[in-house]
Each structure stands twice: as C-alpha cells, then as structure tokens.
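Visitor: Protein chains in written order, with my numbering: chain H, 1 to 135; chain G, 1 to 135; chain V, 1 to 135; chain U, 1 to 135.
In short, the hints are calculated from the structure, not lab data. Fair warning: there could be bad hints in the mix.
Note that the list lumps identical chains together, so a pair holds whenever it fits in one copy or between two copies.
[As the list claims (entries may be wrong)] Calculated pairs, BS3-like style, for lysine-lysine (alpha carbon to alpha carbon, straight line, at most 25 Å):
1) 102 x 16
2) 102 x 73
3) 35 x 102
4) 16 x 73
5) 73 x 35
6) 73 x 88
7) 88 x 102
8) 16 x 35
9) 88 x 35
Protein chains: 4
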Amino acid sequence: MTAEALNAFMAAGFAKWDRTGITIEEAAHRFVRLKMVTGDRSLRPGGTVSGPAMFMLADTALYAAVLASVGPKALAVTVNMSINFLRKPEPRDLIAECRLLKLGRRLAVGDVVIHSEGEDEPVAQATGTYAIPAD
Amino acid sequence: MTAEALNAFMAAGFAKWDRTGITIEEAAHRFVRLKMVTGDRSLRPGGTVSGPAMFMLADTALYAAVLASVGPKALAVTVNMSINFLRKPEPRDLIAECRLLKLGRRLAVGDVVIHSEGEDEPVAQATGTYAIPAD
Amino acid sequence: MTAEALNAFMAAGFAKWDRTGITIEEAAHRFVRLKMVTGDRSLRPGGTVSGPAMFMLADTALYAAVLASVGPKALAVTVNMSINFLRKPEPRDLIAECRLLKLGRRLAVGDVVIHSEGEDEPVAQATGTYAIPAD
Amino acid sequence: MTAEALNAFMAAGFAKWDRTGITIEEAAHRFVRLKMVTGDRSLRPGGTVSGPAMFMLADTALYAAVLASVGPKALAVTVNMSINFLRKPEPRDLIAECRLLKLGRRLAVGDVVIHSEGEDEPVAQATGTYAIPAD
Chain H
1 MTAEALNAFM AAGFAKWDRT GITIEEAAHR FVRLKMVTGD RSLRPGGTVS
51 GPAMFMLADT ALYAAVLASV GPKALAVTVN MSINFLRKPE PRDLIAECRL
101 LKLGRRLAVG DVVIHSEGED EPVAQATGTY AIPAD
Chain G
1 MTAEALNAFM AAGFAKWDRT GITIEEAAHR FVRLKMVTGD RSLRPGGTVS
51 GPAMFMLADT ALYAAVLASV GPKALAVTVN MSINFLRKPE PRDLIAECRL
101 LKLGRRLAVG DVVIHSEGED EPVAQATGTY AIPAD
Chain V
1 MTAEALNAFM AAGFAKWDRT GITIEEAAHR FVRLKMVTGD RSLRPGGTVS
51 GPAMFMLADT ALYAAVLASV GPKALAVTVN MSINFLRKPE PRDLIAECRL
101 LKLGRRLAVG DVVIHSEGED EPVAQATGTY AIPAD
Chain U
1 MTAEALNAFM AAGFAKWDRT GITIEEAAHR FVRLKMVTGD RSLRPGGTVS
51 GPAMFMLADT ALYAAVLASV GPKALAVTVN MSINFLRKPE PRDLIAECRL
101 LKLGRRLAVG DVVIHSEGED EPVAQATGTY AIPAD
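Full structure from sequences and hints, please.
Guide: What follows is the structure, given as structure tokens:
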C-alpha cells in the first residue's frame, strides 16, 4: 500500500483518526515514516509529549508497516510492544520510522525509532510483534 | 499516598485527567488498583478498547503505584514498558492492578495485569521501569 | 505432561540437560515450578548467578509450561522474552514459577518469577511469547 | 576502551570468558561489534544456536558498548533486556552489533542486532537498559 492509500484506510477505519495528528508520509515494503503533529491534546505538564501518545505513534507505525507490506488487513493485531523512553521530547512534531525485522506469514516484528523533528537523538524506541490473520 | 490523595494529585497535575476515565480505587504500599470507564473515546471499530488506551492505563497504574509508595514525586518518569495484549477486551470497564516487584532508591519495577470487569482471564499484562528523581 | 515426563523429555532432547542444573519440580495445566542448582558454572565474579543463566531458567520455565499444557511439541519456539533483573541473587539455588497468561492455538504467553530459595523478594521477572506449531 | 582492552578486561573478570566463544572485534563511542564462534556448546537439537546463547551474546554486547563508552566499570548491571528471536540461525558464527540509543549518567539504553555471519536478515534483535554505578 502507498502512503496515500494507508492514510485513506486509517481515516475510513478509525472515526477519530484526524484527532491523532498522525500522517503516514512514506511507505515502502517493510518500511514506513510517520509524522505526528503535537497539539495540546498529547502534552504533559511541562510541554512534552506524553508516553502514551508516543506509544500510540509507535503502535500505529508498526501497524502501517505491516499493512504497507501485506495489504489492507484491518484485523492485524498487536501481540506485544516494548518501548523505551530515552529523553524528554521537545514540544515539536515527532517523526517515527518503522522497519520490519521479520515479515512471516503469521507474525511480523518491527523496530520503531521516534525523533523530534530536526533532532538527531531519538526520544523513544520500540519493538513490537503483530499477528497477521490468515485470509 | 491514599487513593483519594492520588486522584486529587492526578487531577491537579493533568488538565485532562477527567477525560481519561481513570479512577484510582485502592492504594497501598507497593500496590494499586485502578478502574477505567470505557467510553467511545477509546474504542476501536468492533467496540473494543484500543491498545494505546490499555497502555495509558498500565502506565498510569505504575505511576500511581510508585507515588503510593514514595509520595508525590511528579517528576518520576517511565524508563520503559513492555506490554502483552492477550485477548480482545469486552466493551466493558477495565480494572488494572499493579504490584511493585522492586522499589529501589532510583528505580522501581512493577507488574500490571488488566482485566475486563467481572472476567477472570486478563486482557493485557505489562511490566515497566520507573526512574525516581532524587529529592 | 507431568513433572516426571517433562524431565525425561528434556533429558532426551538436550544432550547437556544435566549440566543446566535444572529440574522441573511441579507441573500442572498452565503452571510449572522449576529449581536450578547453582554451581560455579553460572556464577559471576562476586558469587552471584549470571543474567544469562537466569534467562535460560526463565526460557526453560516457559517452554516447560507450554509443554505441560499442550503435550510434547519439541518445536515450540520462543518468539520473544522480556526480562527484568531486580536484585542481586544470593549464591543459592533458584526457584522459577511460570504461569501462562494466555494459551491460544498458536501463541502462548507466560509470566515467570524467579526467587532465591527461601527468599520472598524476587530476583528476576520475565514475560515471554511462545509460538506453538500446528500438528 | 578499545576492542583489545575490552577483550582483556573480560578475560580478567570472567573465569570462563574463553568458553563463551565471544570476541569483541570493534569498539567505538556508543558502538561495538562482537563475534561468537558457535561450537556444540550452544547448539540445540537441529544444529541451531540456542536462545540463551543469543541472549548471552546480546547482553555481553550491551555491556561492552557501555564499557567502551564510559570506561571499565565492572559493576554496571543489566536492568532489563527484551529480545526477539526472528528466525532460525544457521549453524554458523554469529555477529552482534550494539548501538547505544542513550548514554546518560546513570542509565544507558542500547539496541543489539544479531546476524549469522554472511547473512543479511537478522536472527535476533534485543534492546536493553544498563545501570551505570556512580564513581
């Protein structure tokens, strides 16, 4: 699936997709890049993006990377996700890049790195496993 | 901190605490139990609670368990969290119980189990590490 | 499978099972308890059991819990494992208890807690996912 | 620390370092590459390297990356490690590369990718957190 198709698929499936602030900017086989516009919706006191907002971004990135690689399977589900919070993010948009480390018939495993836009050091890293339903 | 003090602390610190649907129902040394009322806010298509909503509940439970044990330290931060999604939750309120496996001077580690209210089998399990700031 | 059958299955399948120091002491549906005799084999400088030795014990516990519940499937494999090292273990035998949080047709998820024998506070906790082969 | 200094430090600190089959081949600030010669020591039935042997390699890589960056602190300890087993490794030497995602005063977080020598697709991926003792 292309980035355009993925954005349309998300908007059709999730009533509140617009409110997440997330856009899929690039999609390829086993790779996606997403941007999350950070509004006050996800900010903690002190102006930083909350951990759960970063988790949602990482989970969405992994879901999008699976869909980009195997096509629109709405029922792919997260089996588990392990996330490391590395440093306080700037109050700035976040970029998430996900690469699939494995793409099996039933399980996909991906690595997600999240940066504040324009910064080198990552603010969070996650790895997760998705179960892919049989057709 | 008591459950009552924790609820007041959360409401004072997080502008949108009310919207999370979370209440701390019980708090003791190294233990808390939380309830999350599930509204349409966190529901995925199909009527189930989303993964990120369960992550938020697990993260809040661990934060509350740390505060219950060491007092109001707003700056305690999640170092990492690993969450397993075990089965599709019913469209019903969720109960999270968190026990601290370790409470050191600088790091606390806790285990969180999430159930749909009235069900025995857990819908999610998480373990996480919190960094506790020096005074 | 009973504890006795599990010990025999392990000894037959792993040429160096004896050298691990591990015995399955109790087995039930979705539960096992193992003991690891700690010799100098697995000790770090300072006399404590090494992290990799505790990982091996946790991984074996999860494998045994799966076999105890679904029968002898040698080809069940670890998908992932997340382990927390909580405190320095005493130079003493270790007890691992594993409970399956989920036992699906294809995936099992278990929680493992490791104690030094005779101590209350756990030295390590792990959660892991196993893939169960189709027959 | 250089690769040479790291190998000497490991050999001096761990009586059975030689038996692990591990050599640190390259070390830089926040990066190391290790090789593990796989003998029958770590092979499972079927001739593949065992999960615990890959865990030991990942844990050693993270420890070496911390030492390479902060100097010889024998007492740095693993706080947690999350490992994904991606595919059956060939019965061949393994290469592990570790990059530190964060190097704080007290905590370091690293990402480890393990390949069979000469293969592109990784056989395992791990992320872990190390606690760095105060001087």
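Visitor: Is it within, between, both or neither when you check residue 73 against residue 88 at 25 Å Cα-Cα?
Guide: between (34 Å within a copy, 17 Å between copies)
Visitor: Within a copy, between copies, both or neither: where do residue 88 and residue 102 come within 25 Å Cα-Cα?
Guide: between (30 Å within a copy, 12 Å between copies)
Visitor: Could you place residue 88 and residue 35 in one of the four classes (within, between, both, neither) given a Cα distance threshold of 25 Å?
Guide: Within one copy only: 18 Å inside, 28 Å across.
Visitor: Pop the pair residue 102 and residue 16 into one bin, within, between, both or neither, using alpha-carbon distances up to 25 Å.
Guide: So residue 102 and residue 16 fail the 25 Å test inside a copy (30 Å) and across (31 Å) alike.
Visitor: Please sort residue 73 with residue 35 into within, between, both or neither, judging by C-alpha distance up to 25 Å.
Guide: Within. Shortest intra-copy distance 22 Å satisfies the 25 Å Cα cut-off; inter-copy 32 Å does not.
Visitor: When no copy is named, should residue 16 and residue 73 be tagged within, between, both, or neither for a Cα gap of at most 25 Å?
Guide: For residue 16 and residue 73, the Cα distance is within 25 Å only inside one copy (19 Å; across copies 33 Å).
Visitor: Give the relationship of residue 102 and residue 73 under a CA distance limit of 25 Å: within one copy only, between copies only, both, or neither.
Guide: both (17 Å within a copy, 24 Å between copies)
Visitor: Go through the copies and call it for residue 16 and residue 35: within, between, both or neither, with a Cα cutoff of 25 Å.
Guide: For residue 16 and residue 35, both the intra-copy (16 Å) and inter-copy (23 Å) Cα distances are at most 25 Å.
Visitor: Could you figure out if residue 35 and residue 102 sit no more than 25 Å apart (CA to CA) within one copy, between two copies, both or neither?
Guide: Both: 23 Å inside a chain and 22 Å across chains, each within 25 Å.
In this structure, only the earlier hint numbered 1 is contradicted, and the remaining ones agree with it.
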